[in-house]
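Protein chains in written order, with the numbering used here: chain U, 565 to 976; chain Y, 3 to 235.
Simulated from the structure, these hints should not be mistaken for lab results. Each residue gets a CB set at the ideal place from its N, CA and C atoms; glycine is no exception. Any given hint could be a false lead.
[Stated by the list, open to error] Cβ-Cβ distance ranges computed for the label pairs, FRET-style:
#1 U:Leu855 with Y:Met3: 48 to 56 Å
#2 U:Ser566 with Y:Gly70: 31 to 39 Å
#3 U:Lys920 with Y:Pro119: 54 to 62 Å
#4 Y:Ser23 with U:Lys580: 42 to 50 Å
#5 Y:Lys121 with U:Leu573: 35 to 43 Å
#6 U:Arg966 with Y:Gly70: 23 to 31 Å
Residues per chain are reported as follows:
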Amino acid sequence: MSNLFKIALRNLLRYKRRTVLTASLITIGVVFVLVFVSVTGSFKKMMVAQNTDSMLGQLQIHRKGYVASIDNLPLNLNLKPEAMARLEKLLKAQPEIEAYAPRVKFGAMFSTFVETTNIRLNGIYPEKEAAVVPLLRGRIIEGKKILERGDILIPELLAKGMKVKLGDTVVIVATNKDGSVNGKQFTVAGIVESITGPGGRDGYVHYDDALEVLRTEGTEVSEVAIRLKDFGQLHPFVAKLDTILAKELNKQGKPIFELHSWEKLSPFYNIARIIEVMTFFMKLMLIAIVLVSIMNVMIMAVYERIREIGTIAAIGTPPRRILSMFLLEGLCLGIGGAILGNIIGTVIVVILDMMKITYDFGRQTGLVLHAEVNPVDIVVLSIIVIIISVIASLQPAFKASRMEPIKALKHV
Amino acid sequence: MTLVAAESIHKVYRVGEIDISALKGVSFTIEPAAFVCFVGPSGSGKTTLLNLIGCLDKPSGGKLTVAGVDVATLTRAEGAAFRGEHIGFIFQDFNLIPVLTVYENIEYPLLMVQDIPAKERAVRVLSLLQAVGMMEQKDKYPDQISGGQKQRVAVARALVTNPKLVLADEPTANLDHETAYQVIGLLKKMRNDLKTTFIFSTHDQKIVGEAEIIYTLEDGKLLGRQVKGGDQQ
Numbered sequence: 565m566s567n568l569f570k571i572a573l574r575n576l577l578r579y580k581r582r583t584v585l586t587a588s589l590i591t592i593g594v595v596f597v598l599v600f601v602s603v604t605g606s607f608k609k610m611m612v613a614q615n616t617d618s619m620l621g622q623l624q625i626h627r628k629g630y631v632a633s634i635d636n637l638p639l640n641l642n643l644k645p646e647a648m649a650r651l652e653k654l655l656k657a658q659p660e661i662e663a664y665a666p667r668v669k670f671g672a673m674f675s676t677f678v679e680t681t682n683i684r685l686n687g688i689y690p691e692k693e694a695a696v697v698p699l700l701r702g703r704i705i706e707g708k709k710i711l712e713r714g715d716i717l718i719p720e721l722l723a724k725g726m727k728v729k730l731g732d733t734v735v736i737v738a739t740n741k742d743g744s745v746n747g748k749q750f751t752v753a754g755i756v757e758s759i760t761g762p763g764g765r766d767g768y769v770h771y772d773d774a775l776e777v778l779r780t781e782g783t784e785v786s787e788v789a790i791r792l793k794d795f796g797q798l799h800p801f802v803a804k805l806d807t808i809l810a811k812e813l814n815k816q817g818k819p820i821f822e823l824h825s826w827e828k829l830s831p832f833y834n835i836a837r838i839i840e841v842m843t844f845f846m847k848l849m850l851i852a853i854v855l856v857s858i859m860n861v862m863i864m865a866v867y868e869r870i871r872e873i874g875t876i877a878a879i880g881t882p883p884r885r886i887l888s889m890f891l892l893e894g895l896c897l898g899i900g901g902a903i904l905g906n907i908i909g910t911v912i913v914v915i916l917d918m919m920k921i922t923y924d925f926g927r928q929t930g931l932v933l934h935a936e937v938n939p940v941d942i943v944v945l946s947i948i949v950i951i952i953s954v955i956a957s958l959q960p961a962f963k964a965s966r967m968e969p970i971k972a973l974k975h976v
Numbered sequence: 003m004t005l006v007a008a009e010s011i012h013k014v015y016r017v018g019e020i021d022i023s024a025l026k027g028v029s030f031t032i033e034p035a036a037f038v039c040f041v042g043p044s045g046s047g048k049t050t051l052l053n054l055i056g057c058l059d060k061p062s063g064g065k066l067t068v069a070g071v072d073v074a075t076l077t078r079a080e081g082a083a084f085r086g087e088h089i090g091f092i093f094q095d096f097n098l099i100p101v102l103t104v105y106e107n108i109e110y111p112l113l114m115v116q117d118i119p120a121k122e123r124a125v126r127v128l129s130l131l132q133a134v135g136m137m138e139q140k141d142k143y144p145d146q147i148s149g150g151q152k153q154r155v156a157v158a159r160a161l162v163t164n165p166k167l168v169l170a171d172e173p174t175a176n177l178d179h180e181t182a183y184q185v186i187g188l189l190k191k192m193r194n195d196l197k198t199t200f201i202f203s204t205h206d207q208k209i210v211g212e213a214e215i216i217y218t219l220e221d222g223k224l225l226g227r228q229v230k231g232g233d234q235q
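Kindly produce the complete structure, drawing on both the sequences and the hints.
Okay, structure coming up:
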């Protein structure tokens, strides 16, 4: 095999300019795809992290039917203490879970005594919430980083619109599930940065305060947000937990819980999908470049060496070896292009990362592009290029191996 | 045992709508270690005959056996294997592989056709390089040596697999007379040393004189057989 490689490499070097041109085409294709995948991958990663680590959590459990009515924040579809106890027992038994945080969510009136508006509030356990959505504290642009009882964190837009400052007293008025109205005074303890996406304009109060406003006795939970030890295991874990939760039935024999990963809860998943589709088409373009350029060069190589093929066939070279010889030429071109492309692409991505390019995403401005090359992308791109190189060489190589020596020797 | 036996072989080529008979009932036998020449003008059927003997083509009629094997029965892969094991080729245009050195060109059939181990390859290649007088040029590429030297390399390549038979189609056509005589002399020497059968074709009457058995072809028919120092039939 090493001798076949040696011959293949020498044949490629025979037409240096053509080989360099073809390898350059492949290299440029790989560079483009790698830079695109790295930059969009970094953007996607940032976007997913903003969604999962700032607000949503990586997955959420609700009472069955809650998500269908989630815009109404239905209090009558909260998890009751007994169901919550069963759920906590189940969650504690899952080694994949790093942390979980119960929340009670409700809509309320926000009054500064001068003006009133509406607000979506999350009743949270600050420590548990911080463990599940670690970027939340980073979003508190003013005020205390730790929410205490009697405190309220309000979104930046609301603070600006209502001219509310830290330390101001505000009133929250909410209707509980029985229809009665209750109010409670809070101190503005922090202002939360607005971000794009669901929950980006939510306010936060302590869980116990939330229950007090809602006049709820015992534990009531709208959702349980979960953070995994390994985000890469999200989908297998969702499948596993789904199976476990499906066995939890109410008295009517129907499932109590429903489980959703962040993709089902955030519209930004569609952007992530668009990025994936664009990446797919970029890869298709790369495939086309490799296919056409290698096929072209290999067809030329076979055409130019017909007499040579006739000679080696006449002296007894088995057809499969002639086939291998030409396949290896295409393979070497592909490997060369892939290696060069990956090296140049990686260098470009590193430079882009060092340049600290900033961009805006929705309401967020000045986000820094952290471009990074994923080794998996390098492996995938290399495999694509190498496989396509071999496929592109197949037809010319097959033609060479099937050539009649007598006709090939007569070729002028 | 007869090495090559041809019994009334015919070869018809179809060019468009026309059938062209390149060989018309040719019969002959060639014994091992013979030094045979097929002579005749262009279009007489020399190359066609050599192609048939070399299992590069199949006869349209008659029977041709080489080393006891009916060449018409060989499949494509079997033909390649048979050639690789039993037949060496020397071409008019030398047909050396340009990306391989002299040494590597000679080594090629051992490596790519017969899968001979490295040590044995080296012994065989070096001994042939010595025999054809190309030891000093062993690391040169074909475009760095003369026509005569290229043909010497081609001779070594044809012999390196220890074939029973070496076929040379017009091996001196692209060489000047002095070089042509040297190459024919080399073929003869190799025949004497290795007892390999050599069959070559030429239309150069001076070179013909070097052969021990001469078959004359014309219009696809065998006109006669002449044995040097013997009878003419």
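Outcome of the hint check:
Under the hint 48 to 56 Å, the C-beta atoms of leucine 855 (chain U) and methionine 3 (chain Y), about 54 Å apart, fit the expected range. The hinted window of 31 to 39 Å between serine 566 (chain U) and glycine 70 (chain Y) holds, with their beta carbons roughly 36 Å apart. Remark: the range hint 54 to 62 Å for lysine 920 (chain U) to proline 119 (chain Y) is upheld by a beta-carbon distance near 60 Å. Restraint check, serine 23 (chain Y) to lysine 580 (chain U): a C-beta distance of roughly 47 Å satisfies the suggested window 42 to 50 Å.
Under the hint 35 to 43 Å, the C-beta atoms of lysine 121 (chain Y) and leucine 573 (chain U), about 25 Å apart, miss the expected range. Separation of arginine 966 (chain U) from glycine 70 (chain Y) is about 28 Å and conforms to the stated range, judged on CB atoms against 23 to 31 Å.
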